[in-house]
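2 protein chains.
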Amino acid sequence: MSITARLDAVTAAVIARAQGGADGQAPAKLARALHYAVTPGGARIRPTILLSVAMACDEEWPALSDAAAVALELIHCASLVHDDLPCFDDADTRRGKPTVHKAFSEPLAVLTGDSLIVLAFDVLAEAAGSTPLRALNLIRVLSRRTGMPDGICAGQGWESEAQVNLSAYHRAKTGALFIAATQMGAIAAGHEAEPWEELGARIGEAFQVADDLRDALYDAATLGKPAGQDMIHSRPNAVAELGVQGAIRRLKDILGGAIASIPKCKGEAMLAEMVRRYAEQLTPVAPAFSQANARR
Amino acid sequence: MSITARLDAVTAAVIARAQGGADGQAPAKLARALHYAVTPGGARIRPTILLSVAMACDEEWPALSDAAAVALELIHCASLVHDDLPCFDDADTRRGKPTVHKAFSEPLAVLTGDSLIVLAFDVLAEAAGSTPLRALNLIRVLSRRTGMPDGICAGQGWESEAQVNLSAYHRAKTGALFIAATQMGAIAAGHEAEPWEELGARIGEAFQVADDLRDALYDAATLGKPAGQDMIHSRPNAVAELGVQGAIRRLKDILGGAIASIPKCKGEAMLAEMVRRYAEQLTPVAPAFSQANARR
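Protein chains in written order, with the numbering used here: chain A, 1 to 296; chain B, 1 to 296.
Chain A extracted, bound-state conformation (with noise of 0.2 Å):
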């Protein structure tokens, strides 16, 4: 099974049991707003990355690697669905359809969220099975990941600081997923987390930068959310640092570091494809970009 049909069945199957059923038991509105906030999934990199570690690790228990890629694209969306809020980004589109707030309201996007991150937990607790002591560590990454000091909270909470802890705010917001995705991928897999962490770190430095120049380059439209909200925000960015093409460079060495660092196992090989995979794709070639470089 490819990797985004197993995605999609486990998705399925979790958000069902969230959902409780026809009964009448669960509030429909907040049932249908978790739906809508992790379907269609988007490019579901976290969990890509995860699952293609547990399997360059060999794993023996699918069923374990495949809570855990669940779990963290749950976070994931819960971040999302949180970050689009008014008291936030304040976006009014996510993913080409409106954020959960607006298609629903403020008060169950709250809600989704908050579930979404509970379930998080539960789906892993739920997967333990004969391996429990992998699912406690995939547990403890993934809360440390997702929450205070080091996660996607404290990420966002850096946000709310006059002085910024730069190294600190990125490492948070954006490497810390990707972080839990290889780790996870390699505890899922019997495997050791720490050699894993480099791997995770340089593939989220990479989509920060890439993330940096689309949002610098790109209209709403081809983004699928508004464009131009770090200059609006004033948040920290490459492209203003670097330049467009000093972002790629950078862009490109980092991955190579990526590559680098892959720790020895079965499916080294794949896993050095898969980044050079990511890189092409990361790598901007949109009108908007042609133009810019055109310009130069």
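A hint or two may mislead.
A pair holds if it fits inside one copy or across any two, identical chains being indistinguishable in the list.
Said to hold, decoys possible - As a list, the in silico SDA-like pairs of lysine to any residue whose alpha-carbon atoms are at most 25 Å apart:
(1) Lys252 x Gln281
(2) Lys252 x Lys264
(3) Lys102 x Cys87
(4) Lys29 x Gly267
(5) Lys252 x Leu166
(6) Lys29 x Val164
Because the hints were derived from the structure by calculation, they are not lab data. From a predicted model like this one, the values you see are computed outputs, not experimental measurements.
Starting from the structure of chain A, add chain B where the hints point.
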């Protein structure tokens, strides 16, 4: 060590860990907001019930019961922070001081709630030690009673529905964390969870009725939060349904049932005594109530 002292010590350690020290590696305002949201604690009824059940069941791993108690209180505090947000109750005060979004900001209140939810699961995973299966069971019960379709998120979600399933609403909104309290106390001490559901459910019902009485009868200064919120938000309320004396009779019936439901265990008599103490504390006696009574 008293229950309050146990809770204070463990809560302080857990929050300090989430704050990440003073080296500038965590956003300072969010770190302060985490502490602000959980201290000084309120009555801490849920973790007190949890530890009482654990002791009544002859706990042999107090560190695990402590972690369970703190995790439960973190979830409760998170729910208060999010419930107070402008899009829900829009409350200015809580426990006699400004709510988190008033004292910090709305973004920081959303992130404080999110971080506390994550921290709750982190605490349980970290406390697993040599009892991984109990820790996983604690995580399962806590997630089920927090998220969808049966937890406090579902309870809040019902308030966005035009047609409310009243019994599902009350069970989720108030009952869920009391059921978590009795069941997690039992699990931490190595007992089955199922026989403890009824005690938690009945204590939760009693608190709901008592809360309805307080909301209808007390002023904001006595409550430490805005009064008359049920009427303002047209929420279902036992006083509106049964009248004041009827609601008080109902409260006593429920607490009698709670005592009768206590499973056989070493500390059965102590638990019955605890419920009797709650019965006394819960029955309203403030001036506003005496006046209301005198007028009848």
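**Prompt:** How would you label the pair Lys252, Lys264 (within, between, both, or neither) given a Cα cut-off of 25 Å?
**Reply:** within (22 Å within a copy, 66 Å between copies)
**Message:** One pair to classify: Lys102 and Cys87, alpha carbons no more than 25 Å apart. Within, between, both, or neither?
**Reply:** both (13 Å within a copy, 13 Å between copies)
**Item:** Identical-chain pair category, Lys252 with Leu166, by Cα at 25 Å
**Value:** within (21 Å within a copy, 58 Å between copies)
**Request:** Could you place Lys29 and Val164 in one of the four classes (within, between, both, neither) given a Cα distance threshold of 25 Å?
**Result:** between (38 Å within a copy, 12 Å between copies)
**Asked** How would you classify Lys29 and Gly267 at a CA-CA limit of 25 Å: within, between, both, or neither?
**Response** neither (43 Å within a copy, 43 Å between copies)
**Within, between, both or neither: Lys252, Gln281 at alpha-carbon 25 Å** = within (12 Å within a copy, 66 Å between copies)
Of the numbered hints listed earlier, the single one contradicted by the structure is hint 4.
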